[in-house]
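**Student:** Chain residues, written in single-letter form:
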Amino acid sequence: DAGVTQSPTHLIKTRGQQVTLRCSPKSGHDTVSWYQQALGQGPQFIFQYYEEEERQRGNFPDRFSGHQFPNYSSELNVNALLLGDSALYLCASSFQANTEAFFGQGTRLTVV
Amino acid sequence: SQKIEQNSEALNIQEGKTATLTCNYTNYSPAYLQWYRQDPGRGPVFLLLIRENEKEKRKERLKVTFDTTLKQSLFHITASQPADSATYLCALDISSGYSTLTFGKGTMLLVSP
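Here the protein sequences come in this chain order: A and B.
As numbered in our numbering, residues 1 to 112 make up the first sequence, in order.
As numbered in our numbering, residues 113 to 225 make up the second sequence, in order.
Relax, there's no trap hidden among the hints.
Covered stretches of chain B, going by a simulated chain A footprint (3 or more residues, C-beta under 8 Å): (1) 157 to 163; (2) 213 to 223.
Listed below are the simulated EDC-like cross-link pairs for lysine to aspartate or glutamate, each with C-alpha atoms no more than 16 Å apart in a straight line: (3) B/Lys169 / A/Glu100; (4) B/Lys183 / B/Glu168; (5) B/Lys183 / B/Glu117; (6) B/Lys171 / A/Glu100; (7) B/Lys183 / B/Glu164; (8) B/Lys169 / B/Asp179.
It should be emphasised that the hints constitute simulated quantities derived from the structure, not laboratory data.
Everything numeric in this text was worked out from a predicted model, so none of it was measured.
Even glycine gets a Cβ: it sits at the ideal position worked out from N, Cα and C.
Given only the sequences and the hints, what does the whole structure look like? Please build it.
**Tutor:** Shown next, in the form of structure tokens:
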């Protein structure tokens, strides 16, 4: 079992550009959540996808959007990048309610 | 406002001793609480989950307590080893079981030989 895989591992973008990050959940998991982790902070919840719909959303602007595909994989899109979007972006998958989340290794995004 | 607070300073202990990490929260009523370990540049790794009706949970050298009256969880690592050095994150699920987590900032634990 490959666990949760994310791509790419590192990315450098320029202010104003758009970026797409990808996530494949752990085998058997149907729910994908995305988190942003700034340096020295805990992960902050962005949104969660289940059955190809956004089920929950944290306090992030509309520049952050996502998608879930029929095979449960997911994408996170960020438009009009700001310097403050530089962070480690984490994808987590889970199966049933009230269970632990399995995290990927993250994508380190640097906006210059 | 809602807050989750963990030991703000790094915790330095000697190998073999017990490490105790604290997680306090305000204005939440979580159904359960989780602890994760995170190494530099890596994603968090799940350690333990404890439900609101459980007082204590154990797994090998790890023990978690959950006091919903005090709004506090304590995380213990007994017989600590240098390999236990990492950042430990406390997380609450406030989404009624959808597994959307609110994290504290984490506590860095350093175990010296």
